[in-house]
Every structure is written in C-alpha cells, then in structure tokens.
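Assemble the whole structure, with the sequences as input and the hints as a guide.
Number of protein chains: 2
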Amino acid sequence: MLSPVDHREGPDLSRRVSPREAGADDERVTIRDVAARAGVSATTVSRVIKGDYPVAQSTRTRVLRAMRELDYVLNVHARALSGASTKMVAFVLDDVTGPSFAYVAKGVEQQATAEGRLCMVCTTHGDPARELAVVEAMREQRADAVILVGGGSLDDTYRERMSHFAHALDKAGSRLVLCGRPPLGDDVPTTVVEYDNEGGAYAMTSHLLSQGHRRIALVGASTPDDLSTTKLDRVRGFERAHESFGVPYDPDLVIPAYFGRADGYAATRRLIALGAEFTAVFAATDMVAIGVLAALREAGIRVPEDVSLAGYDDIPFAADLTPALTTVHVPTEELGRTAVRLALNREERQHVVLGTHIVVRDSVRPPGRNMVR
Amino acid sequence: MLSPVDHREGPDLSRRVSPREAGADDERVTIRDVAARAGVSATTVSRVIKGDYPVAQSTRTRVLRAMRELDYVLNVHARALSGASTKMVAFVLDDVTGPSFAYVAKGVEQQATAEGRLCMVCTTHGDPARELAVVEAMREQRADAVILVGGGSLDDTYRERMSHFAHALDKAGSRLVLCGRPPLGDDVPTTVVEYDNEGGAYAMTSHLLSQGHRRIALVGASTPDDLSTTKLDRVRGFERAHESFGVPYDPDLVIPAYFGRADGYAATRRLIALGAEFTAVFAATDMVAIGVLAALREAGIRVPEDVSLAGYDDIPFAADLTPALTTVHVPTEELGRTAVRLALNREERQHVVLGTHIVVRDSVRPPGRNMVR
DNA sequence: CATACCGTAGACACCGGTTTCTACACCTGC
DNA sequence: GCAGGTGTAGAAACCGGTGTCTACGGTATG
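Protein chains in written order, with this note's numbering: chain D, 525 to 897; chain G, 525 to 897.
Just to be clear, a hint being listed does not mean it is correct.
Pairs involving identical chains hold if they fit within one copy or between any two copies, as the list cannot separate such chains.
As a list, the in silico EDC-like pairs of lysine to aspartate or glutamate whose alpha-carbon atoms are at most 16 Å apart [what the hints assert, rightly or not]:
hint, residue 1, residue 2
1, LYS574, GLU664
2, LYS695, ASP595
3, LYS695, GLU660
4, LYS630, ASP618
5, LYS574, ASP749
6, LYS630, GLU857
7, LYS574, GLU822
8, LYS611, GLU664
9, LYS611, ASP651
10, LYS630, ASP720
11, LYS630, ASP886
12, LYS630, ASP576
13, LYS611, GLU639
14, LYS695, GLU664
15, LYS630, ASP619
16, LYS695, GLU801
These are computed hints drawn from the structure, not numbers from a lab.
Spelled out as structure tokens, the structure:
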C-alpha cells in the first residue's frame, strides 16, 4: 500500500503528467516501487532479479524482502521490449482434439517447459489462410519458435508466403519448425521434423500382403481438394509395397477420403454397396479405421474373421477397440519434443526423420475362404 | 529486400544514437522506420494502425505502402507496455492428452479466437505446486484471463495462495476462472464454471438401480491422497441415488482409484480376485471404464450379459467401444467456451453450473441370473 | 477583418525493465 | 601519502508503441 510515485522531488515538475491519479486502487507495483521501499535504485533491483551482477548480500536481502512485501510481479513485456527473449514457443495445429495432435502437443509442452519456455497454442481447422494469419500473429509476439504441425498445403502462393515467414522469423532470431510435413526448400531456413509416413505404410501393406491378402482396400487417399503430403506419402507406401511383392493393386480399391471417423464409415458403406471384393482394409488413420469397423460390423462383416483391418497412427484407443487394432505407430510425443529441442538448440541437425513401425494386434489375420461378396 | 532505414534525412541529427550500427543485418523494423519512409511522424503511423483517429486518406495510403514495403510487424510487447490489453488468455490443465481436457481446450481456443484473443496453454500434471507457479507466470504475462481446468486441491495453504492470486489478478484487471471446480469462497473474485458432477452420478446410479441392479461397484472413489472435488461429487451422487431408492450400498464396492485406464483395470482385477459380488460397475470416468472392461473381458465376464458397465465423461470413443458405453455426458466444449466468455464479459453472471445427462448405449442391461460369483 | 473552429499532424513524455557508463568508498602496494 | 584496483551502486538512455498536448493551414462566423 505504498504510494507508487516518489514525491521527494519538488512540487515544480511533479504531478504534471500523472495518469495514475485516476483509479485510486489500480496499484501495479513496478521495479521502482520496490527500489524505493528497499532504499536502492531500480538498477539494483533489476540486478537482484537477474542475478548476473554482484549485489551485496545485505542489499539483496532488503530488496527481496521489499519484493515480497509489495507482491511484486515482473512485467515480461517490459523485459521483452528491452531485448530479452520472450521465452515463448508457439504451436500451431489443426485441431486440439485430434488424438495424435494432442500427443504432439504434450511433447511440445514438455520440452518447452524443460527449456524454460511458455507455450502458445493456436488452431487453424485446416485452413491455410488462417495458418498464415496465425504465424503472422506469432511474429508479432516475437515467439522464440513457431511450430507447425500436420500436413501442410502444397499450394504455391501458400508455400511462397510461408517461405517468407521462415526468412522473416530467421532474421528476427526466431525459427519456423515444420513438424510432420516436408521442407519448403533447401534455401528456406526452417527446422524440419518428419516421421516416415511412407515407410509405415509400406511396412503395414507388406504385413497384409505377407499374410496372404491380395485385395486390400485403402481408405483415405487424396481427394482432389486435399493433396496433403501425409496422404500422398501413405498412398505411396501402399503402392510401393505392392510393387515389391509383385502384386498389382486395384485402383478401384484406393478410396479418397478425409481423415475422420465419419469419412471411413461412409467410404466403407459405399464400398460394400458397390459390391467391391476385398479381404482387408488399410485405413489411412485410426480414426478412419474406427469408422470402417463400424460400417463393416453394421453390414454383418466380422473383423478379423471375414475382413482384416489395419490403421495408422496408433492412437491410445487403438488397443481398446474390439478387436484390438493392428496399426502403425507414430512417435507423436517424440515429434513434439524433438521439434522444440532442435528449434532452440540450433547446433543440432535441423532436419530429422523419426521412424515408424507397425504394432501387431488382433485385427489382421490371413484371409479365410469367406471373402466378402 | 528493401533497405529498412530511410537515409533521406540529413546527417545532422541522425546516427547520433544508433545502437543499430553493429549487426549489419539485424533489421527489426520499427514504427519510426515506417514513419521515415512514409515521410510522416511515428504518431501518424500508430494512428493508421489503430484506426481510431482521423488520418487523411492520402497519408494513410503512403503509410500502408511503407509498412508493406518494409514488412513491418507490430511489437505486441511495446503495445502491452503502453497500457493496452495483451489480448491473451491462459489455460491451465493437468494434461493435454486427457480426452475431455482436449475438448475443453477446444472450447477455450474457439471462444478466445472469437473474442480476438490468443491462447496460452500450460500443463501441471496434477501438481498443485506447479499450478501455482504457472498462475504466477501468467501474472507476469498480464494475461486477460487465467483459466484453471479440472478438480483442484482442497489443501488449505493451496486455497489460500490461489485466493491471493485471484485478488491480485482482479486488481490487475485480469480474472481467475475456475472451470469444473468449486468456488474458493464468496469474497474471492473469480469466475466459476462448473458442471453438475453429482447430478450426473445421481442420474446414472438411478438408471442402474431402476434397471434392477442392487449391487453396483463404484470404481474411482477418493484415495486418501487425492481428495479432488470431482471425485467427491461423483461419489456423493452415487450415494444419494441409493438413498432415494432406499437401497443400501455395500461400502466394500466403493473402490478408491485414480482416473486412468490402468487404475480401472487394476481395481477390477482386485475386485474379481476378492470374489466380490456385483451386477454392475459404475466407473468414475470413461477411461476407468475402459480399464474395467478390459479386466472383465480378461476374466471371461461378458458385458453387458454378465455385468453392466457405465462410465462418466462421454469421451468421443465411448460410442466405439464394444459394447458402446453408456455414460454421463459432460459438456466439455461448452465448459471451455463459457469460461472464456464470462471472464471477458464481466457483466454476465460469474457463476454458472452446466447440466450433465446420461447417454444410454449398449453396456447396461437389467441383471440376469448369472451374477458374478 | 478578426476570431473561432475543424481537420490533420508532430513533439514529447510515458509504460517498466535492462544496460552502459560513471562514481564513490575502501583496500592494497610502493 | 598517493596511484591503482576492486566491489558496489546510481543516473540516464533505450527498447517500440501510445496518449496528450500543441500547432498550423484553411474555412466558417460575427
């Protein structure tokens, strides 16, 4: 409850400009208030806080006591303004409720905390325009790093503007991180943390083929309006595995679909209605797999007795489905941790690809006689 | 690639105080650089940005062009320092990967965006000390609102320090929001958004009782070291329903457990090993229910033929379990949205309780003859 | 013709820490 | 007894916007 303004100075130049006078109790305590109470200068208080300059023990004690008594809280904006890092990383994703995104978020948060950073989260709902706007906002915030998660757009003007941001952030001492999406180009200063999308799809398709499946439906290929790199890579792995096994695949079994539960469900119903022949379904994500499972079950098709089912992502619930879902594990948490670590420790390699591997559970079996249709 | 500094000005008063000279390419563009390029004062540029003061159209155009050419980015810290709101809300939760938390987060993010705010996320991993530290950090950030999600601690010194923060934030024009946890006291300036934990538990227990169940195991009661209010309320609903029905409940069937999948699993195995008699299990959360389900299945007990199972929270996967889980719906997204809305629009009521309701699916049936054991 | 007013724009202090440069007391050494 | 060093502390400029006060050209008014 100390007056925040020192009145020792003569009445001549005082009060003249004091916007403080209005609200009687708007008491924000500044470093100078602490200084006044401790009987030292603001400089000394600052030094006590930072601890990087010798301050006599007795002085330090007085200052600390004054801080406590006044309930002093540092103003990060003032600190940031005078050149210090903001100690903040920004994290941009499609949707917090995406089960894998949440785990990336956890990894980011974990590592950010470990490195003494706070964490901003922004969602884009898959809108590239909003993503660009959000990145711009992060430039205003002077974030230490801006982490973009999830498959990016391949649109040219989008890539160009994103490259611009990468350069701008770089010049400002910050960093653009692409997490789970491919680089923007060799000359663009970014940190890239990918995982082996194609390899996982290749491994899973190989697993299905080696179990004897010859007609595998892939649900979740690219739609004309969504050319996300994640999809492209997963489809490529699917194709490459067929080539390796010398097994041709039926293009009619490669079904474009978004990555939601409802999309898997709808696609499968359509597939069944069309009378397509298949012994296994490879869903491009576990969410899609859940939809596929529901549609199959509804049609009286048993999994895995009649049709095998594989997913992608290894979301936490994959193991709790009935049957437990065979899927591709993606190191989501590690993805987030790595993104932050690399962005803040620039001496490390700035492009890594994390491995994926298949997790065999109960939803895949060799095909029986009773092939669908 | 435009030179960020305008050199037209005479050499008379320039360069005098220019710490910029050192690093050749550390080009941060300020409002004054824009002003120089547009041939106006910094004040005018500021007015063009804010748009709350008349600026001649021709001047505005010149300024906007200069901003574009220099790739000017506003500095939010400078703005925040000179009194403006930070346009940020902070969001503090246990764990981003908790399925219900993610939905609260989504609601918070949604509403924050709608109100032109950015969103900080911090996790505490259930540690009250860390929660206090995080709230302190948010005070430093001058966030417009600090939203605490999830059952809080009942510890006295914790409550006292949290009350202190509430008062401090209030004085600073900010707001502490308790989301899904009870008020700290009448004199503490907080916004409280709860949901009817007890009512949901009451409704679900009533549902089970009305189906004829008389021996219902409650998995997920309070442990001595975790007296979270969420648990307490759910147990109370369970008890109150029994009273209403005039059915005594067996205290041995009220099992303390944490809220994880593994906890439900372990508790159920213990229950079975002990030879407890029950026809239904009410899991205190859906995650617990998943563990319970796994343990029952492992023991050869069918759900719902042999034992009925009910959950709490209505997480997105509840409908995809086999059998689809009967559970209590919690309006998580609305919880998040409401929290932000009330905190930023202070004229509304600052304490609301959202409703919960049961969602009947396939995991509950009237008890058959073959009761366990 | 002088005064008043309107629209527009600049000067300058200020927000709250940080940093550089300077200052002073005290001690050491010759 | 004085030059030089060391430990500690303060004054003032600065970071980059914003608010307030003043100023100036031009038109409307008495």
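Now the hints, each set against the structure:
1. LYS574 / GLU664: Between copies only: 15 Å across chains, 25 Å inside a chain, cut-off 16 Å.
2. LYS695 / ASP595: between (38 Å within a copy, 12 Å between copies)
3. LYS695 / GLU660: Within. Shortest intra-copy distance 14 Å satisfies the 16 Å Cα cut-off; inter-copy 32 Å does not.
4. LYS630 / ASP618: Answer is both: 15 Å inside a copy and 11 Å across each meet the 16 Å cutoff.
5. LYS574 / ASP749: neither (52 Å within a copy, 37 Å between copies)
6. LYS630 / GLU857: For LYS630 and GLU857, the Cα distance is within 16 Å only inside one copy (6 Å; across copies 19 Å).
7. LYS574 / GLU822: neither (65 Å within a copy, 58 Å between copies)
8. LYS611 / GLU664: both (14 Å within a copy, 12 Å between copies)
9. LYS611 / ASP651: neither (27 Å within a copy, 22 Å between copies)
10. LYS630 / ASP720: This pair counts as neither: shortest intra-copy Cα distance 20 Å, inter-copy 28 Å.
11. LYS630 / ASP886: neither (28 Å within a copy, 33 Å between copies)
12. LYS630 / ASP576: Cα proximity of LYS630 and ASP576: none, with 33 Å in one copy and 41 Å across.
13. LYS611 / GLU639: within (9 Å within a copy, 25 Å between copies)
14. LYS695 / GLU664: Classified as within: same-chain Cα gap 14 Å, cross-chain 27 Å, threshold 16 Å.
15. LYS630 / ASP619: both (14 Å within a copy, 7 Å between copies)
16. LYS695 / GLU801: neither (56 Å within a copy, 68 Å between copies)
Going through the hint list in order, the structure does not satisfy hints 5, 7, 9, 10, 11, 12 and 16.
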